[in-house]
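Novice: Given next are the chains, with one letter for each unit.
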Amino acid sequence: MIRINSPDELVALRDRIVSERNPDTPCITVCAGTGCLASGSRDVVAAFNHAIGTQDLDVEVGFRATGCHGFCEKGPIVVIDPEEICYLQVTSEDVPEIIAKTIKEKKVIERLLYVDQTTGEKAVHESDIPFYKYQERMVFGANRRIDPKSFEDYLAIGGCQALTKALFEMTPDEVISEVKDANLRGRGGGGFPAGEKWEIARAAPGEPKYVVVNCDEGDPGAYMDRSLMEGNPYGVLEGLTIGAYAIGANEGYVYIRQEYPLALENLSLAIEDAEKRGLLGKDILGSGFDFKVKVHRGAGAFVCGEETALIISLEGEVGEPRPRPPYPAVKGLWGKPTNINNVETWANIPLIINGGAAAFAAIGTEGSKGTKIFSLVGKIANTGLVEVPMGISLRDVIYKIGGGIPDGKKFKAVQTGGPSGGCIPEERLDLEVDFDELTKAGSMMGSGGMIVMDEETCMVDVARYFIDFLTDESCGKCVPCREGLRQMQRILTRITEGKGEESDIEVLEELAETAQEASLCALGKTAPNPFLSTFRYFRDEYEAHINEKRCPALSCKKLVSYYIEPEKCKACLICLKECPAGAIDGAKKTIHIIDQEKCDACGICFEVCPSRFDAVVRISGEPVPPPIPEEKRMVIRKSKRQ
Amino acid sequence: MNDDRIDQIIESHQSEASSLIQVLLDIQSEDRWLSKEALSRVSEKLDVPLRRIQHIATFYKAFSLSPKGRHEVHICMGTACHVRGAGRVLEKVEAVTGIGPGETDLDMKFSLETVNCLGCCALGPVMEIDGTTHGRLSAADTTDVLQTYE
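Quick note, the sequences are listed as chains V and H, same order.
According to the numbering used here, the first sequence holds residues 13 to 654 in order.
According to the numbering used here, the second sequence holds residues 42 to 191 in order.
Keep in mind that the hints were calculated from the coordinates and are not lab data.
Glycine included, each C-beta is placed from N, C-alpha and C at the ideal position.
A portion of the hints provided could be inaccurate.
Said to hold, decoys possible - Below, a sample of chain H positions facing chain V; criterion: calculated Cβ distance under 8 Å:
{"no.": "1", "residue": "S56"}
{"no.": "2", "residue": "S60"}
{"no.": "3", "residue": "L61"}
{"no.": "4", "residue": "W74"}
{"no.": "5", "residue": "H96"}
{"no.": "6", "residue": "P108"}
{"no.": "7", "residue": "A121"}
{"no.": "8", "residue": "R129"}
{"no.": "9", "residue": "E132"}
{"no.": "10", "residue": "A136"}
{"no.": "11", "residue": "I140"}
{"no.": "12", "residue": "G143"}
{"no.": "13", "residue": "N157"}
{"no.": "14", "residue": "Y190"}
Produce the entire structure from the sequences given, and follow the hints as far as they go.
Specialist: Structure below.
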């Protein structure tokens, strides 16, 4: 591998790579992000490699295993360029047919296409699928076009242009003012303007200075940072290098979760490769600027996503937050000025430098510019990662892109902002998604998790779930967070078990207020949000649990009983066999009944009862009807010939 | 893990005390737990008090201070899996294996852990065994899946 010593050499290399690639040659891309790998794309990749390697193809064909495309619901995903023919839920058995028909004969395989659930229409091209159509994939779009292990791929789509521009045509101050003008706000949760943070770090006295990528993504249900790091590590590194140049740092760290093995692998390969090519290390591209990047694996502590805790963890200690100010930009790693931004923030930098601040700021709302990647998960038809312009309505994200709620259920709430975020109810669905609007609604942007909940999700249980999570992740330093959350957890658990008392609400509110006021870091300050926002919008559910011992969502185990409706039961024996508690009595042609004494409400009978019978029902807040008398338990089947 | 291997790992991190977490992670990923002997060796070589090492090894979730079973079962309790019924899957796994999160059975067959998000929310509820993902699980399916492991 030859070291690239100047911008001219870089351009020459890019020209050579592009000229060697015929844009009309079919290229098969298979999503090999973590989501698709889990649904079997490793086999699909192997099958393509085998087919391309062994079959005597008379046509030239390219192949690329890429990072996450975003449409995780329908993985494994295969897209064939240049036409962008998109096949979903592909298995290795489909591969010979794809080669024979689509590659050789240029025919589309109908059964692998996207089918619109409402209209029944099929979509051939990726861009025709509603999930993609309403997105604006400025940052995330590159994932589909590159093999994350190939620098050539990154260069071919215009990679390193921003770096060259920054290093050779701009002063560090000019870079900072560009980022400031773009009004890029931190994508990790805080929403602090990145340019201002850079300016503070640049101006702060002390050498050396450091830049850090925060890839300690810990919100359950959010995985956009991982997907960016897995799918486009060169892009993140390019952003980081530009930031280092602007701030005057020669050393950088990537703090990445140990639980992200693929992201770690692709990032490490990219760093090694970039060093050999002279894009990291000494005298980058002959500019005289030196920059070295080290990888630090996070050992699993949610609080380390908080920047002061992250710094302490980088130093090899227990990651407990410390008071701010001084902010890390002034006094951070080893007491030196340190600029920390999240993965997505860094990945936006090359876009701003390439396209200019004005173009970037043209997208979005008054206070929030550009796009944001959300992970749209939970009770939603199209689970996946979506990148949308700031200001899009929640309704559009959930219904147009997400395809609404599956199984004919009713929407109840969407939870945004991670564990310390909040739940937004149906009546606020027209809210324009940006940093400020979400905060006004009692939630927050956070790192971009969007968990959709339907009528069967109990909001008290959701609050208990998040408080549980935060109690477990509290580092234990501040009493209001450590002890207060534990008390909140106990009370909420009691309420979900039907043991709630009227005075509980008052105590919860008091504990919430204390944690908000008296905790040191953002984790503690925002920890009561799950309770506060669910209580604000779903007070009736709390009251039902406390006063009527009823769970309206039929979800809280201790408040739900299971009952078999005798007129619907066809005595099929399925629930009887599956019941782990042995609580179901019955036999062939004998209507099944549940012994309420033995039943532990695991819900398996409800799950397995065939939908054509739907004989098992859930009851909450009222007594279970007595079992039918023995003499009436015979199932009398109507004769078919009447 | 013998002392030589531990020394090798420490050297690969330039024997810096600030690399303590990285050293422990390497030992953890090879041995799948941190033995008392390993911790003492690290303490000696990096000149860090054992007390501080214990603090770190109990603070971060990646570390285990007891040996693991042959199969590591991870149940995702992320929000997406939670609303899709991960709690019921966990209860079923607990019933079948007889162990709770953080525990290993007496035959050293299964170790059970709950994790916060495996990042394949489309497949929720998800159970991961030795790195293989089992998705879209119902509580009733889990017995069959567990039975395929020896």
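Novice: Hints broken by the structure, by number, lowest first?
Specialist: The structure breaks hints 1, 4, 6, 11, 12 and 14; every other hint is satisfied.
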